[in-house]
Amino acid sequence: MVFHIYTTFVSRIVATILKNHTDDELLQIYRAKKSAEVITILFNRYYHLIYGVCMKYLKNTENAKDSTMQIFEKLMDDIPKHDIQFFKAWLYRVAQNHCLMQLRSRKYNTVSFDVIQERGVEFDEHLHPAIAKEKLLTQMEQAMAELNEDQRKCVELFYLEKKTYVEIMQLTGYNFMQVKSHIQNGKRNLKIKMTAAGDE
Amino acid sequence: MSNYSNIWTQSNCLSKSQLLNYIRQKLDRDEVYLVESHLNDCPICSDALDGLMEEDIQITEESLTEVKTDLEKRILERHPEKKITPVVNRPFKEAEPIKPGVSMKSDKRYRWMVAASLLLLMGLGGYSIFSYIKSQDHQLAQNKMAADSQPVDYNKPKDTADNEIRQIKSMPPINRPDAVASTPAPKHEEHSYKNIPVEPLSPARNEESKDADVSQRESTAPAGAVVKQPLSNEKQSVDEQVSNAAPVSQANDYMEEKKAVEPYKEALAKKRSSTGLSNSKPAAFNQSSNQMSYPHQPNNVYQNNAYRNAETIEAEDPLASKDAKQRQNNYEIAMQYVNGGEYRKSIPYFEKALKNTQGIEKEDIQFQLAEAYLKAGMDRKAERLFETLAAGTKYKTEATEKLRKLTK
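Going down the list, the sequences are from chains A and B.
The numbering of the first sequence is our numbering, which starts it at 1 and goes up by one.
The numbering of the second sequence is our numbering, which starts it at 1 and goes up by one.
Since the hints were made in silico from the structure, they are not lab data.
Treat the hints with care, as some may be off.
[Stated by the list, open to error] Here are the computed distance ranges between Cβ atoms for each label pair: (1) A/THR22 with B/LYS73: 23 to 29 angstroms; (2) B/LYS108 with A/MET101: 48 to 54 angstroms; (3) B/THR65 with A/VAL166: 24 to 30 angstroms; (4) A/PRO80 with B/GLU66: 26 to 32 angstroms; (5) A/PHE86 with B/LYS108: 42 to 48 angstroms; (6) B/ARG111 with A/ARG106: 56 to 62 angstroms; (7) A/GLN28 with B/LYS108: 30 to 36 angstroms; (8) A/ILE17 with B/GLY125: 26 to 32 angstroms; (9) B/LYS26 with A/PHE86: 28 to 34 angstroms; (10) B/LYS73 with A/GLN85: 25 to 31 angstroms; (11) B/THR65 with A/THR195: 39 to 45 angstroms.
Predicted, not measured: the structure shown is a model, and the values here were computed from it.
C-beta atoms are modelled at their ideal positions from N, C-alpha and C, and glycine is treated no differently.
Generate coordinates for the entire structure from the input sequences, incorporating the hints supplied.
Dropping the structure here:
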């Protein structure tokens, strides 16, 4: 009895500590220990996102569930084999490719691949902190003038005036997806212009 | 509604609850703004949000729960041993209790115990097998002793004169240096038939009794005595009785059933294998070759020595061993018939044994054959043989006396 309580206590503490590990640390531990607990913690961080990605491309709940399981099965096989540097980006790419394969095999015609290719993979960890983002936006004010009207308006409303999507929808009359798309595309164009200006 | 610090997980992506609450519009404005800020930067979260908004939020939530359950189940299937993984510095490793039967110490102890148990089992098994073999030998010896103690029915002839003759014929041979010197035999035959019985009251033997070698033999077998085992050889005789009684009784059974030669040969072969013959026998056994005894008696010195001689011949001259053995077998079968009083049946075996035999051995067999002829009523043949023997050296006196009786 005492032993069981002690074991449970230890396992909970270990799980709590593991949850504070980054993806890379968890991958290292998993490669060394092949622990189910480690891979469970890692997968729990992303399963809803992968399901969402699959759902977006496949437009079917059952297919999305099956694809999610298949992607994570593949992940368990590939993690010991590959030296994964950025797990999130790698996972996203794997999920995208799997969905594309599914679409090709099942001949789905409901998704435009241009959207996927257009977006690409953008992971700039330095942009996440709010302060960094504010600085970056301040520096980008000059570049924003070069954006088209829809993108500039949505970006300004979102980043400078701190409006939410719903507020921007109400102010501009765009729907949710248009707001979202204008903001994300405007942000990407800003980055391209700033990079080009920096190279010059 | 929620804590700002927990809005992102360690992966810097939105958690399931944040996304679902965002879709349900259950987040306050600031949280919504943070979520949307992340969505603008994180394509995977952005795509996930788009996908999660494809279906009703209730269905999406149920699907996510199902996916999580299946995924954890699958992970456990692929990782059967769910270990408690320590953190980087493994702070709990030392505090982990030692599970009984799993730790290294107990594992080593278990191995030692298994090894010791195996050794113990092997020892006990070996001892039990040894004991079993020993008990079997002891039981066999007891059975042989019991068989030996039983009276043997040899269908002895009623005629006491015949019985006396038979006793005389089956007496062991006495080596006579003078006779051997006069008729030297081939080496292998000298060994094979040196024990052929002769007349016990031979005057030559009394004369030679002064000799040391002969006196030793005489001390073990007084002349005219009918098979009395000396005290000095009592211990040895017990072994010999055990080894000889059963085969001899078998031979007599065959005689009763009047079967042909082959059963006798089988019986002899059995006896040979059971007696162990040979070089391992004590010297006292060989020295007792001059003792007088009946072939059918347990202490059948003649038979034992005959076997010993056959082996010696085989060792010395393998080519001649086969004939020697055949002659011995024939002679023994004939003697068995003689002992059983069936003289007529013994005649063909004597005749076979007589072939290719020379020297004193030939005279011995001729004498026995002549006696068999006489007892079988074949007086003419007996007379001829006695005439031959009277012209010889060894049985000159006896043959002359027999001829005189026949003439009368």
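**Item:** Outcome of range test on Cβ distance (B/LYS108, A/MET101; 48 to 54 angstroms)
**Value:** 52 angstroms, holds
**Asked** Lying within 30 to 36 angstroms: is that true of the beta-carbon distance A/GLN28 to B/LYS108?
**Response** At roughly 32 angstroms between Cβ atoms, B/LYS108 and A/GLN28 fall inside 30 to 36 angstroms, so the hint holds.
**Asked** Within 24 to 30 angstroms or not, the Cβ separation of B/THR65 and A/VAL166?
**Response** 28 angstroms, holds
**CB-CB spacing for A/PHE86 and B/LYS26 relative to the 28 to 34 angstroms hint** = Hint holds: Cβ distance 32 angstroms, inside 28 to 34 angstroms.
**CB-CB spacing for B/GLU66 and A/PRO80 relative to the 26 to 32 angstroms hint** = 27 angstroms, holds
**Asked** Does the Cβ distance between A/THR22 and B/LYS73 fall inside 23 to 29 angstroms?
**Response** 26 angstroms, holds
**Asked** Between A/ILE17 and B/GLY125, is the Cβ distance one that fits in 26 to 32 angstroms?
**Response** 56 angstroms, violated
**Item:** Outcome for the supplied range 42 to 48 angstroms, where the beta carbon pair is A/PHE86 and B/LYS108
**Value:** 45 angstroms Cβ-Cβ, so the 42 to 48 angstroms window holds.
**Prompt:** Given a hinted range of 25 to 31 angstroms, is it respected by the beta-carbon distance of B/LYS73 and A/GLN85?
**Reply:** 30 angstroms, holds
**Message:** Holds or violated: the 56 to 62 angstroms window for the beta-carbon distance between B/ARG111 and A/ARG106?
**Reply:** With a Cβ separation near 57 angstroms, B/ARG111 and A/ARG106 satisfy 56 to 62 angstroms, so the hint holds.
**Asked** Does 39 to 45 angstroms hold as the CB distance between B/THR65 and A/THR195, or does it fail?
**Response** 42 angstroms, holds
When the structure is compared with the earlier hints, a violation turns up for hint 8 alone.
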